[in-house]
Amino acid sequence: MMRQTFEHVLMASAATVCGFGVISPALAQDSGSPSTGGVYRDETIIVTARRRDELLQDVPQTVNAVSSDTIAKLRINNAADLSNIVPGVSIVGASTGASGAFGASSSVRGIPTFLTSNASPVVQFYLDDTPLNNGPSVSQSLFDIGQIEILKGPQGTLRGRSSPGGSITITTKRPDLDQVGGSFDLSGTDRGNIVVKGAVGAPIIEGVLGIRLAGLVDHSDFDGVTSANSPLDPFAKSEAVRATVLFQPAPNFTASVMYQKLWRNTRSFDQLVGPGNGVNGPVIAARDRLGITDGHRVNKNQDTILVGQVDWSFGGQKLSYVGSYRDGTSTIITPQDVANVLPGIEYYQEVHLGRGSSYSFSHELRLSSEERILNIFDYTIGAFYDKQKGTSIVVGPASFLPGAFGRPGTAPVKMAPLDRYFLKTSIDISPTSVEKSLFGNITAHITEATELSVGGRYIDFKRHDRFTLGLQPGFVAIQNPTLAAPGGPFPCAAIGLTASPVYTGSPSVCEVSIAANTLQDVDQHNKFTPFVYNIALSHRFTPDFLVYGNVGSAFRSAGPRIGFTSLLTCCTAAGGPDLGSIEDLVFQNREKSTSYELGFKASFLNKRARLNVAVFKQDFNNYYFVTQSVRYLSVTNPANLASGTVSTSEFTTGADASVKGIDVEAGIQITPRWDLTLGFSWAKGKLSNALIPCNDGNFDGQPDLIVPTAQDFVDHGTLVARCQSNASIARTPRWNLTAQSEYSAPLNNAIDGFVRGNFVYYPDNPNASEAVVIDKYAQLNMYLGIRDPKGGWEVSLFANNLLNEQQILSFNAVAPVSAGGVANLFPQDGASGYNQVSVTPRREFGLVMRYSFGSR
Numbered sequence: 001m002m003r004q005t006f007e008h009v010l011m012a013s014a015a016t017v018c019g020f021g022v023i024s025p026a027l028a029q030d031s032g033s034p035s036t037g038g039v040y041r042d043e044t045i046i047v048t049a050r051r052r053d054e055l056l057q058d059v060p061q062t063v064n065a066v067s068s069d070t071i072a073k074l075r076i077n078n079a080a081d082l083s084n085i086v087p088g089v090s091i092v093g094a095s096t097g098a099s100g101a102f103g104a105s106s107s108v109r110g111i112p113t114f115l116t117s118n119a120s121p122v123v124q125f126y127l128d129d130t131p132l133n134n135g136p137s138v139s140q141s142l143f144d145i146g147q148i149e150i151l152k153g154p155q156g157t158l159r160g161r162s163s164p165g166g167s168i169t170i171t172t173k174r175p176d177l178d179q180v181g182g183s184f185d186l187s188g189t190d191r192g193n194i195v196v197k198g199a200v201g202a203p204i205i206e207g208v209l210g211i212r213l214a215g216l217v218d219h220s221d222f223d224g225v226t227s228a229n230s231p232l233d234p235f236a237k238s239e240a241v242r243a244t245v246l247f248q249p250a251p252n253f254t255a256s257v258m259y260q261k262l263w264r265n266t267r268s269f270d271q272l273v274g275p276g277n278g279v280n281g282p283v284i285a286a287r288d289r290l291g292i293t294d295g296h297r298v299n300k301n302q303d304t305i306l307v308g309q310v311d312w313s314f315g316g317q318k319l320s321y322v323g324s325y326r327d328g329t330s331t332i333i334t335p336q337d338v339a340n341v342l343p344g345i346e347y348y349q350e351v352h353l354g355r356g357s358s359y360s361f362s363h364e365l366r367l368s369s370e371e372r373i374l375n376i377f378d379y380t381i382g383a384f385y386d387k388q389k390g391t392s393i394v395v396g397p398a399s400f401l402p403g404a405f406g407r408p409g410t411a412p413v414k415m416a417p418l419d420r421y422f423l424k425t426s427i428d429i430s431p432t433s434v435e436k437s438l439f440g441n442i443t444a445h446i447t448e449a450t451e452l453s454v455g456g457r458y459i460d461f462k463r464h465d466r467f468t469l470g471l472q473p474g475f476v477a478i479q480n481p482t483l484a485a486p487g488g489p490f491p492c493a494a495i496g497l498t499a500s501p502v503y504t505g506s507p508s509v510c511e512v513s514i515a516a517n518t519l520q521d522v523d524q525h526n527k528f529t530p531f532v533y534n535i536a537l538s539h540r541f542t543p544d545f546l547v548y549g550n551v552g553s554a555f556r557s558a559g560p561r562i563g564f565t566s567l568l569t570c571c572t573a574a575g576g577p578d579l580g581s582i583e584d585l586v587f588q589n590r591e592k593s594t595s596y597e598l599g600f601k602a603s604f605l606n607k608r609a610r611l612n613v614a615v616f617k618q619d620f621n622n623y624y625f626v627t628q629s630v631r632y633l634s635v636t637n638p639a640n641l642a643s644g645t646v647s648t649s650e651f652t653t654g655a656d657a658s659v660k661g662i663d664v665e666a667g668i669q670i671t672p673r674w675d676l677t678l679g680f681s682w683a684k685g686k687l688s689n690a691l692i693p694c695n696d697g698n699f700d701g702q703p704d705l706i707v708p709t710a711q712d713f714v715d716h717g718t719l720v721a722r723c724q725s726n727a728s729i730a731r732t733p734r735w736n737l738t739a740q741s742e743y744s745a746p747l748n749n750a751i752d753g754f755v756r757g758n759f760v761y762y763p764d765n766p767n768a769s770e771a772v773v774i775d776k777y778a779q780l781n782m783y784l785g786i787r788d789p790k791g792g793w794e795v796s797l798f799a800n801n802l803l804n805e806q807q808i809l810s811f812n813a814v815a816p817v818s819a820g821g822v823a824n825l826f827p828q829d830g831a832s833g834y835n836q837v838s839v840t841p842r843r844e845f846g847l848v849m850r851y852s853f854g855s856r
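The C-terminal position of the sequence shown is numbered 856 in our numbering, with every residue numbered one higher than the one before it.
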């Protein structure tokens, strides 16, 4: 019945589009003062997609603009919330606890970003026109934002770094030089989630110097996933502050400085489903929102960013500078007994990012025309410099040695492993990259209706990746070899060994020390000098109908894929068999892509309604494809392959791929008090017969669910199986539909009542897992409230996921395997019996209150 309801809603939405015949991104309207009587709002939307203020309907590319008003009305607290209002954009937090960040399986136009690939992002984030790595400092916590623009398709000719999927520009609110003002936003839910946002600004010297201060407190229970074996609850706590100073001593000169600091702390558990194995946990369904680890994941982040901007207008030209400095630290502690082989006991991997000299900074100098040259040409030229330096240390389990779980010669005991006999890996990572580029763009207004724009960027990109993967020192406990010798046993020292300080008494136990050993030592330098370009031609057949086409290219680089506890090439140097190489899965060449887009933008009904449609195709050479979890042979001792374990990992591999699709955006003011906005996006991206790592337990070149042993890998002479594939490159469904609507009516002269809704629909998704097809589902968020007709205040009740949809969104086909080979010591427990999943957010009800004054 519920699914039939979803289908009816979907058909009704489609019928509405057909009935009105219009589509438009009306999200960027600033309707803090709703229209009254018969007056329609001004739907003019200004964007800066081409580094100058333009009407959205004049820009020859796909752009979605989300205004400050929409951000507040729909409670867009992080970038993940954009998925509900912008079609073709899917943002899912990384498994490290970065909920709301552009993370683990996020995508735009079906092109996913994977943080684990160690590649530059598919979609580049910008804060106040300065590039950020993957956007966590802004995407996790959005507050006091002026506007967000989502630019789809290759970017980088005019702004910052090259990115194949697009860019997301986030502009913070600036001080008002003439009036005091501010805003406060408080919301809470029945699940104890609290969000407080506030901002206040004032002129220091009227008309010349002003300041704006803003802050955020966002506390929640994260995703609500607990553990059946832990009494602790999950949480996510974010706090942030921002200060902006604006200086305008003359009408043609402005300078601003923005400082922001963000703190974020999370505690979380991986969610599982399955019957278990009868020892490690209970039967778990998706609706239970449970994991099984005894320990929890901890993620502590601190991020600081400083941005400076200067604009000077002279003689019809404009000289602009924007620079930034950013540093941050992160500590991630992750439980490694993910199959709960050791009930009541936990061991961890620790990741420390940014400790030491980690930072990034950028500079851009740009000259552009404010008046047309010869009444025909507009231009932009500039130079860009960006440097990033980081340090990371990763310490995790490699192998449990004899003695870790009891006296040698006896059956292992499930107890806390003795650290002395616990071999650990240590990874030290120090990447540095420097990018210098020159860029330019010229737009020829051939006629008043026809425009040709040509732009390019020459990039000089250098990357230095320095990392080591090694084993920390340890000890192997063995029974005294002289126990049965005549006259024995002899002291361990007498036979060149060391007596165990742990296992004393009889029978005596000796130790063999394992020295620290470097398995991989990489010092790699890469230099790329690509040229990326964009060409756009548009013609306005009428003042309300624009047709355009554009061609653009993009470039990306990737650092080494770090963290495999396996040798790059194995193992003839140690006298073992040849197991081939995985160097091509660790070191990547550059990625190149070319995109083609055709579209039109139309306005109707005296600009009350709009229809924007674009079709696109993008071809990739050496696309950085990230596989789903694949089994491989983890080798820590090349002289003893039997000590290796079958582990799982996602792999990054270079592969040719292509994407094609369509974007449609729609909106109409049905009446002065009733508006409707819809969006639709369809994209199909797939590999082009690429050879990729796969789960192929019988090594016949075809994926299967057979679980191989370490000896199987040795017998087939490989560290990882590979298959030819035309698989989807996306993890998301091929299409989705979004809809937003609001209706208001006056209750009296001082109060308006309103109801607004936000709806998103996803079809069946065969891309999220190799084992299952994710069922179709919908999300409906509703708001009911009252407000000041002039936009000064608003109070509303809201419901997220009103239909209480509980749908699995991702399903890991490979059962979790505890690290360090602990399952080999306790094989009687068998497989874990679980699979890792993610599920739609829970239904929650809440109250939101907003108040604004002065310049706001």
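Read the hints as simulated data drawn from the structure, not as lab findings.
Be a bit skeptical, because a hint or two may be false.
Said to hold, decoys possible - For each label pair, taking beta carbons as the anchor points, the in silico distance ranges come out as: (1) A494 x K462: 50 to 60 angstroms; (2) E54 x P249: 19 to 29 angstroms; (3) V551 x L691: 26 to 36 angstroms.
Claimed, not checked - Under the rule of at most 25 angstroms between Cα atoms (straight-line distance), these lysine-lysine pairs were calculated in the DSS-like manner: (4) K436 x K318; (5) K237 x K261; (6) K387 x K462; (7) K261 x K424; (8) K686 x K660; (9) K389 x K300; (10) K592 x K617; (11) K686 x K592; (12) K300 x K436; (13) K424 x K414; (14) K389 x K318.
We put the CB at the ideal spot given by N, CA and C, even for glycine.
Against the structure, the hints come out as follows:
| no. | hint | result |
| --- | --- | --- |
| 1 | A494 x K462: 50 to 60 angstroms | 58 angstroms, holds |
| 2 | E54 x P249: 19 to 29 angstroms | 28 angstroms, holds |
| 3 | V551 x L691: 26 to 36 angstroms | 30 angstroms, holds |
| 4 | K436 x K318 | 22 angstroms, holds |
| 5 | K237 x K261 | 14 angstroms, holds |
| 6 | K387 x K462 | 10 angstroms, holds |
| 7 | K261 x K424 | 35 angstroms, violated |
| 8 | K686 x K660 | 9 angstroms, holds |
| 9 | K389 x K300 | 20 angstroms, holds |
| 10 | K592 x K617 | 14 angstroms, holds |
| 11 | K686 x K592 | 16 angstroms, holds |
| 12 | K300 x K436 | 32 angstroms, violated |
| 13 | K424 x K414 | 19 angstroms, holds |
| 14 | K389 x K318 | 32 angstroms, violated |
The structure does not agree with the numbered hints 7, 12 and 14 stated previously, though it agrees with the rest.
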